[in-house]
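Letter by letter, the chains look like this.
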Amino acid sequence: MRLQIPIALGFLAGAFMIVQFFVPYYALQMYYEQLLDWAIIIGAFALVLGLGSLFRSHIDKIRSRHPDYIYSFVALISFAVMFFFGIFYGVNPRTTFDWIFNNIQVPLEATVFSLLAFFMASAAYRTFRARSVEATLLLVVAVIIMLGRVPITDYIKFVDIHGFSEWLMSIPATAAKRGILFGVALGIVATSLRILLGIERSHLGGGGGAGR
Amino acid sequence: MWEKLLYFDRRIIFLLIGAAVLIPFLTQWTLPHGKITATTQSLFDAIEQLPVGTPVMISFDYGPSSMPEVEPMAKALAYHILSRNLRLMAVTLVITGPQMADRAIIPVAKQLGKKYGKDWVNLGFKPGGAVLLTQMGESIKRAYPTDARNNPTIKLPVMTGVENYDDIGLVVDLASSGAPTTWIVYAHDPYRVNMAAGVTAVEAVDYYKFLQTGQLIGLLNGLKGAAEYEFLVGRKGFGKLGMASQSVAHLLIIVLVIIGNIGYFTIERHRSRRR
Numbered sequence: 027m028r029l030q031i032p033i034a035l036g037f038l039a040g041a042f043m044i045v046q047f048f049v050p051y052y053a054l055q056m057y058y059e060q061l062l063d064w065a066i067i068i069g070a071f072a073l074v075l076g077l078g079s080l081f082r083s084h085i086d087k088i089r090s091r092h093p094d095y096i097y098s099f100v101a102l103i104s105f106a107v108m109f110f111f112g113i114f115y116g117v118n119p120r121t122t123f124d125w126i127f128n129n130i131q132v133p134l135e136a137t138v139f140s141l142l143a144f145f146m147a148s149a150a151y152r153t154f155r156a157r158s159v160e161a162t163l164l165l166v167v168a169v170i171i172m173l174g175r176v177p178i179t180d181y182i183k184f185v186d187i188h189g190f191s192e193w194l195m196s197i198p199a200t201a202a203k204r205g206i207l208f209g210v211a212l213g214i215v216a217t218s219l220r221i222l223l224g225i226e227r228s229h230l231g232g233g234g235g236a237g238r
Numbered sequence: 145m146w147e148k149l150l151y152f153d154r155r156i157i158f159l160l161i162g163a164a165v166l167i168p169f170l171t172q173w174t175l176p177h178g179k180i181t182a183t184t185q186s187l188f189d190a191i192e193q194l195p196v197g198t199p200v201m202i203s204f205d206y207g208p209s210s211m212p213e214v215e216p217m218a219k220a221l222a223y224h225i226l227s228r229n230l231r232l233m234a235v236t237l238v239i240t241g242p243q244m245a246d247r248a249i250i251p252v253a254k255q256l257g258k259k260y261g262k263d264w265v266n267l268g269f270k271p272g273g274a275v276l277l278t279q280m281g282e283s284i285k286r287a288y289p290t291d292a293r294n295n296p297t298i299k300l301p302v303m304t305g306v307e308n309y310d311d312i313g314l315v316v317d318l319a320s321s322g323a324p325t326t327w328i329v330y331a332h333d334p335y336r337v338n339m340a341a342g343v344t345a346v347e348a349v350d351y352y353k354f355l356q357t358g359q360l361i362g363l364l365n366g367l368k369g370a371a372e373y374e375f376l377v378g379r380k381g382f383g384k385l386g387m388a389s390q391s392v393a394h395l396l397i398i399v400l401v402i403i404g405n406i407g408y409f410t411i412e413r414h415r416s417r418r419r
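Residue numbers (my numbering), protein chains in the order written: chain A, 27 to 238; chain B, 145 to 419.
Since the hints were derived computationally from the structure, they do not count as laboratory data. All figures in this text were calculated on a predicted structure; none of them were measured in a lab. Note that CB positions come from ideal geometry on N, CA and C, so glycine has one too. Among the clues, some could well be false.
Counterexamples of contact, computed for chain B against chain A with all Cβ distances above 12 Å [claimed, not checked]:
(1) 198
(2) 263
(3) 280
(4) 306
(5) 414
Straight-line C-alpha distance at most 20 Å; calculated DMTMM-like pairs for lysine to aspartate or glutamate [unchecked claim]:
(6) B:353 - A:63
(7) B:270 - A:63
(8) B:270 - A:124
(9) B:285 - A:63
(10) B:262 - B:307
(11) B:262 - B:311
(12) A:203 - A:186
(13) B:270 - B:282
(14) B:299 - B:311
(15) A:203 - B:350
(16) B:179 - A:186
(17) B:270 - A:186
(18) B:179 - A:63
(19) B:179 - A:192
(20) B:285 - A:59
(21) B:254 - A:180
Facing chain B, a subset of chain A residues (Cβ under 8 Å, in silico) [unchecked claim]:
(22) 70
(23) 72
(24) 76
(25) 89
(26) 192
With the hints as extra help, turn the sequences into a complete structure.
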């Protein structure tokens with residue numbers, strides 16, 4: 027029963043959503059809106075589960091004296107501080123929560139992301155080599171795209187680098203992306219059908235994969 | 145000599161990149177703008193054609209990590225929307241979005257003398273993603289009974305006459321992830337709301353397919369897109385300032401790649417001769 031009831035509920039909900047999409051009957055519309063409300067509430071619970079998982083992971087690290095367990099303390103204390111100010115003093119502009127967010131979280135995250143530029147430059151210098159036809163093609167295209175992203179190349183009159191870079195992104199790159207997308211879309215349809223029909227059961231937990 | 149040049153301390157490259165980014169930024173060196181990309185122009189034109197008072201929705205689907213690249217777009221767009229006396233509604237699918245919206249819109253609204261609740265609103269974050277977008281297609285006020293500051297949306301003048309996507313002139317998704325695809329699948333396709341996007345340069349290539357099919361009517365591509373939009377709306381911002389740093393850094397990386405390849409092939413030639 028632990029398996030059959032969730033599968034039956036999943037099938038009924040999925041079948042209802044398919045039927046309401048094709049049948050514009052007002053009663054179906056009403057239940058559809060009700061289901062959307064439920065889905066948003068369930069989505070909120072997913073955040074709670076995420077928090078639980080975060081806590082468990084960090085508490086385990088502290089208990090086992092993991093080499094970097096000090097950072098787990100930092101994560102938990104940071105969470106407690108933001109939670110306290112967010113719940114008791116609000117998250118509106120000019121609150122303590124907003125000040126901490128803008129003056130600590132924003133610079134920290136932006137700094138970590140900006141470090142990428144340094145590592146990418148170093149990696150490009152050391153490893154970006156025209157060793158084969160494919161690698162040469164990749165290198166030439168990368169250089170054209172990089173030049174296309176800066177305005178000074180628009181002043182080179184004898185070759186339209188900006189236009190060529192836009193063409194590369196909108197025609198060859200998009201053609202490849204579109205092919206991948208078709209594959210992904212067909213995969214989503216197939217997986218959705220497998221879930222609705224109870225063939226795919228890994229989302230029900232217990233380490234079980236496909237039913238058959 | 146080439147061996148030494150190829151394998152020198154990588155901290156020197158870090159220093160060069162640091163200087164390439166910082167010097168133009170600190171000296172406030174700006175470059176004259178180049179050609180305006182067609183996708184930027186089409187977004188600008190779409191907003192220009194909206195009648196005064198039309199609600200425009202911006203989805204702030206980015207966080208602090210990609211803020212330096214996306215926020216200049218948000219400020220230029222907010223400036224354009226509010227200066228044209230359109231109504232601005234901020235929503236988000238990511239948890240850091242409400243703060244990103246406030247950071248971008250408050251200074252612009254202050255500059256233009258626009259009032260919260262009357263000219264613009266921050267509806268805040270709601271979990272649900274695709275479900276939330278579908279629910280807004282039925283009723284925005286049901287999806288957001290209150291705004292990010294806990295005001296009942298039914299009482300806000302900016303929300304007057306706004307029931308669902310039919311009442312929204314344009315949705316612009318500013319993102320550093322796959323959020324625009326979610327918007328297209330769950331908002332544009334079923335409800336036919338006009339959509340445009342502004343994304344980081346590395347993400348942009350994913351969205352050209354939607355431009356070709358008309359599912360997106362415009363696209364701001366990275367910092368260059370932001371700089372172009374700032375030029376179109378006539379507002380100085382970080383986009384234009386950042387273009388000088390980006391130009392020098394890109395050229396430096398290209399020079400480094402060329403030197404690296406010359407060195408690599410010179411060494412390989414010497415090695416094959418010795419064999």
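Report task. Sort out whether residue 307 of chain B lies within 20 Å of residue 262 of chain B, counting only the CA atoms. Result -> Given pair residue 262 of chain B, residue 307 of chain B holds - Cα atoms ~16 Å apart, limit 20 Å.
**Message:** Can you confirm whether the C-alpha distance between residue 203 of chain A and residue 350 of chain B stays at or below 20 Å?
**Reply:** holds (7 Å)
_With the threshold set at 20 Å, check whether the alpha-carbon distance from residue 254 of chain B to residue 180 of chain A stays at or below it._
violated (35 Å)
Given as non-interface: residue 263 of chain B, which should sit over 12 Å from chain A by C-beta:
holds (16 Å)
Quiz item: Checking the smallest CB distance to chain A, is residue 306 of chain B really beyond 12 Å?
Solution: holds (17 Å)
Q: Could you grab the alpha-carbon distance between residue 285 of chain B and residue 59 of chain A and see if it respects the 20 Å cut-off?
A: holds (13 Å)
Hint status (Cβ of residue 89 of chain A to nearest Cβ of chain B, threshold 8 Å): violated (28 Å)
* Asked: Would the pair residue 203 of chain A and residue 186 of chain A pass a check requiring their Cα atoms to be no farther apart than 20 Å?
  -> violated (24 Å)
Take the shortest C-beta to C-beta distance between residue 72 of chain A and chain B; is it under 8 Å? With a closest approach of 7 Å, the residue 72 of chain A hint holds.
Check the hint pairing residue 270 of chain B with residue 124 of chain A against an upper bound of 20 Å on the C-alpha distance.
The given pair, whose Cα atoms are some 18 Å apart, holds under the 20 Å limit.
Practice item. For the pair supplied as a hint, residue 299 of chain B and residue 311 of chain B, confirm whether the alpha-carbon distance does not exceed 20 Å. Key: holds (17 Å)
#### Entry: Claimed clearance of chain A by residue 198 of chain B, with the beta carbon kept past 12 Å
holds (26 Å)
In the structure shown, a violation is registered for the earlier hints numbered 3, 6, 12, 17, 18, 21, 24, 25, in ascending order.
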